Amino acid sequence: MGNFVTERDDSTTATSVTSQQLLQAVKGFIAETVTPALSDRNQFNARVAANVIGIVQREQALGPALSALDNAAFSKWIPDGAPDQDVVPQISQAIAKRTIEPDTAFLDYLKQRQLLLSAINNPRYANRAAAAEKWRYLDTDAHSAADTR
Amino acid sequence: MEPEALAEHLNLTLEGLAIDHPVGTRVTNLTRLSGGANNETWRFTWHETPLILRRRPFSAESVENLDGNILGLSLVDEAHIIQLAAQTSVPVPHIYTVLETSHHLGESFVMAFIPGESIPQHWLNADAFSSARKGLAYECGAALAQTHTVDCSQLPQSIKPLTLAHRFDGIQRRLQTFGDVSPAMQFGLNWLIDHAPEDVPCVLLHGDFRTGNLLVNEQGLAGILDWELAHQGPPAEDLGYLCAHVWRFGNIEKPVGGFGEYADLLAGYRSIAGWAPDQESLKYWEVFAALNWGLVCQTMGALWHSGSGDIERAAVARRRSEAELDLIYLIDAWGTL
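Read top to bottom, the protein sequences are chains A and B. Going left to right, the first sequence walks through residues 1 to 149 as the numbering used here numbers them. Going left to right, the second sequence walks through residues 150 to 486 as the numbering used here numbers them.
Quick caveat, the hints were computed from the structure, so don't treat them as lab data. Please note: incorrect hints may appear among the correct ones.
Each pair of labels, with its calculated beta carbon distance range [said to hold, decoys possible]:
1. G28(A) with L161(B): 45 to 53 Å
2. V34(A) with H243(B): 38 to 46 Å
3. S420(B) with V34(A): 50 to 58 Å
Keep in mind it's a predicted model, so treat the numbers as computed, not measured. Here a beta-carbon is modelled for each residue, glycine too, at the ideal position from N, C-alpha and C.
The following block holds chain A by itself, in its conformation from the complex (with noise of 0.2 Å):
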């Protein structure tokens, strides 16, 4: 999957800057700028501030792998659902109404999926390195997005 952290390119003749190049310089410029200038809670906040930017940043990188996944769960579990509406809260909708058998094949799905949204909104959660090593056997994104934070 893309990179979550992007660095300058040195080279002299770029002159574009992506997105996640800018959220980088505000997550830089709000670390190294703002925080120390603050005080308490506006220092905490701002810290906040910073690790939300870093939210943004992996999911521009890891939510179009979400999405596939949700998708490719939706067709296979709600075949006769409405997949020009959000498919997520189908799903959940079809799991309250115990439409979908909660079998291995299906916790195999909420497995992955959690892989991905904890590598993106926490990547550090303590318990999340545990469950990655228990379920490498799965085939995600989320593996090797784990590594890279």
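Given chain A's structure and the hints, the job is docking chain B onto it.
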């Protein structure tokens, strides 16, 4: 309310209480300790006595249609529970006075300040607390067993016995109220319903007994804080909650709150109660706690959407995926779907 006004109202209130002080004593060192969704906590000194004020500001936030106790008891009821717990020798602060909503300070109570460390990152890894940590799981088990001996007929009206089925209905409604039901949360709720224990006794639970609500000194457990989520339920619920992954602060190899072992927690419980839930039954409540934490994250998101709170709340909403990961991980480890 500004700190100056708060101090002035406290001066008037404290003069009437049985706390030793010379004439003309004024509140000093008034400091706000923490923010919560509902309540403010202030530390201050009255003559030579350090005290704590818990108060609900008049502008206290609420989320409409939140069915469940996630926003907690009233402070009057919380104070009542702490007083009941004190009678069972649970380490809780002495409560000097409880004030109703009509009081100038608003709904609040004043309690003793217990010295100790309440920030887990300060005591979970520091050498100074290594001997405290050794006995802590046992002490937590004993304190929970003592809490569970409170006579439920003494509880305030707001703490009624609820069947698990009723609580599941409440959780389902809350999931749908948020309009953002995640597959993992719904899967977790279904699993909890399908694997619910039968015929469990109902006792008073602390309801939020986690590492962040323990007050620890170098000898061990000094106090138990934040009783606002107290409710009735099965004893194993409190024990399993303490062992939830999310409350281990990264020390996932230490199942009891990131500092202890199951066997010690259960031995402490048995030392008071004469029995203890079996270790496997705690795992069910770890799943339950994971779902509960996910709901708290969603509540933070709902509060943020309603215009209340800063960026931290928006960010905490994303931590739901930690709870979801735990749900799937624990259900996978349980072995039956």
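Checked hints:
1. Taking 45 to 53 Å as the suggested C-beta distance range, the pair G28(A) and L161(B) conforms, at roughly 52 Å.
2. The beta-carbon spacing between V34(A) and H243(B), approximately 44 Å, falls within the hinted interval of 38 to 46 Å.
3. The hinted range of 50 to 58 Å is satisfied by S420(B) and V34(A), whose Cβ atoms lie roughly 52 Å apart.
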